[in-house]
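Take a look at the letters that make up each chain.
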Amino acid sequence: MTVDVDSEAYWPADADDVDEAVVANWFVREGGRVDAGDTLCEIQIEKVSVDVDAPESGTLAERVVPESGEFRRGDVLGRIESA
Amino acid sequence: MVSVNTQREMYEQMVTARRYEQRLQEEYLEGKQPAFDISAGPIPGELHLAAGQEAAAVGVCAHLDDDDTVTAPHRPHHVAIAKGVDLPKMTAEIFGRETGLCKGKGGHMHLFDPDVNFACSGIIAQGCPPAVGAAMAADKRNEDSVAVAYLGEGAVDQGAFLESLNLAAVQNLPVVFVVEDNDWAISMPQDRVTDVDTPADRAGGFDMPGVRVDHDDAIAVYEAARDAVGRARNGNGPTLLDVQVHRRMGHFMGDAEAYRPDEDSERAQRLDSIERLADDLRAEGIGDDELDEIRDRAEERVEDAIAWAKDQPEPDPAAAHEDVFVDDTTAASGGED
Amino acid sequence: MSERATDPGTGDADRELTMSRAMVDAVAAEMRADDEVFYVGEDVQDYGGIFDSTEGLLDEFDRDRVMDVPISETAYVGAAVGAAQAGMRPIAEIMFADFVGVCLDQVYNQMAKNTYMSGGAVNVPMVLTTAVGGEYNDAAQHSQTLYGLFSHLPGMKVVVPSTAYDAKGLMHAAVRDDDPVVYMFHKRLMGIGWMPAPEGPKTPVPDEEYAIPLGEADVKREGEDVTVVTLGLHVHRAMQAAEQLADGGVDTEVIDLRSLVPFDTETVLESVEKTGKLVVVDEDYQSFGVTGEVVARVAERAPDSLEAVERVALPDVPIPFSRPLEKEVNPQVDDIVAAVESVE
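Residue numbers (the numbering used here), protein chains in the order written: chain G, 5 to 87; chain X, 792 to 1128; chain L, 1105 to 1448.
For the record, the hints were derived by calculation from the structure and aren't laboratory data. The C-beta atom is built at its ideal place from N, Cα and C for all residues, glycine as well. Mixed in with the good hints, there may be bad ones.
[Unchecked claim] Reference listing, derived: stretches of chain G covered by chain L, where coverage requires no fewer than 3 residues with Cβ under 8 angstroms from a Cβ of chain L:
#1 14-23
#2 29-40
[Said to hold, decoys possible] Now the in silico label distances, taken between C-beta atoms and shown as ranges:
#3 X:E817 x L:R1136: 53 to 59 angstroms
#4 L:D1166 x G:Q48: 25 to 31 angstroms
#5 X:I977 x L:E1312: 30 to 36 angstroms
Please model the complete structure; the sequences and the hints are all you need to start from.
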């Protein structure tokens, strides 16, 4: 089963007026194993950094937004193939 | 009120310290005549003697035990004696011998005795931060030991001291800063370099108690230190204790004190804290024969320490490369793996 | 001396970390294992370190384990010395290496010398962390590395990680070391949002603990033709240069020193004995520093192997502010390529 990592779920409350962000760092390679709660990537909304934790355990099937890639609020960041 | 026993113990330590400094002066000057060559003789290098400052050492250290940390500056011997440092090994270190406290690597300004948590250092005021650190460790470990940092009145203008006062105060650490005010920073009189009247006045700016003992009196120091050390031990934070003392000899051996007015030197000779305590003891009923006995014992202890030290071997030159690190996988020179 | 986990090699960990996260990973693990380890510095609590050196620690540890201190380096670095002599294992941070000037006595006269001056009667098991490096226009007082200064003064070990993997292993080793270790982390390698890192410092990092022994350099790229010895940020510039040079048929060996004190002369010698050509790249001032030291050691031990040598370092000038000026003084990839070509 594939689970989308949805950027909406991680958007901080005090960044309500901002729509765009960047994936500053990915911490898991495509094909790499993750446990639920592990830090998948770090997104940056203006000056604020937010850690995105894996919602499920499994394998990171795809980095939909690449490192340094820009995205909009609500975009899918990555996909996890759950174990 | 100070018990007679305590007064007697302090007296013995003061007499020991005074005798020690007098004897070291003699040993030091040997071999350096006729023209003063600082590196000649059995005790080479600088020597800063504390004759006249004994009250500041014994009055405070009487409240300390081995677990309490003391850092002292370049004029350390009286404090070391009061703290219980191993006297023969300290003496051997001053004579640069292999079996000295520091294997001959530190000398008189860098004496370390971890058994009683004593260390001294030669850079003005730089003993204050490590004392704060020892207090920090006691605080973190929930122990009731305290730290005491000694410094001269000339050091109260140095950043390390001021920063240490603030850090100790803002973190409420169990440390006592003891200023030995002997009026002279080498040749600079205190009122020419520091704008406040006495070092104790510095405390107000740091939100800590500042206590001035303005007569050179072991009992007065003892009583003030009891409060200060007690405050620290009870978790009530640091104190700045400022003690008037009188430097009887020059700043360092070789200092002709040309800058010092005769009346000032004479006054130092007159205001002898040891004589003062002797008078107090006589008033308590202690006879001169007992005082003489104490003095004899002190002299013997000093002689034994010096004799032992002079009998110790010099270090092997190869040892100069060791002890840079305790984990000595690295040779000192060249730093190869 | 405390036990060390052996270095499991770069391995094949699933997760990659930025250098700052790897560093914090190690600090947190050491703090969990030993109550006597604590971190002290400016802005290390709620801010998580100006360069992310303590990011997240406050979520797990109390404010008495991760301590903000007043701006008073002499006091708190000196306090760390005192606490270390009492047997604790403090990690004290000087925010920018350039600030060592304000507390240099506590560093080089106290921390570095107390073990020796006491004849080994006391030791100072502390870590002094500090952010180094430039090329983000922070000018002369905030951009230095000062590798030479810390290495030249006796009595302190000095390590310089260039990757996340190395950062974690060296931090474990540094905390467990019973002597003072200066841990110099490059700002641009940390993976900070507002100072993007180049390719290279983010690496796979094993979950388990491991310590990289001090005094071991790492051959980051094997090669037959030229030896490039470097550290910190310039490891990655050297790797980029090596790629460019490979296109032209030159095979470059890149050695990451990782440790300045102790220094791994053997690895450097082995390489120069193979290639005969030495280029040393350093982000510190050229004269009386790391580049001269490396060349001297090779010249002393393997003079016959050394056919050609080139030093690429900051010239002896204060680091300028304006971008073209700063790029002029800080060795660029092109400068490394040119240096290699000149010895070939």
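Against the structure shown, which of the earlier numbered hints fail to hold, in ascending order? 1, 5
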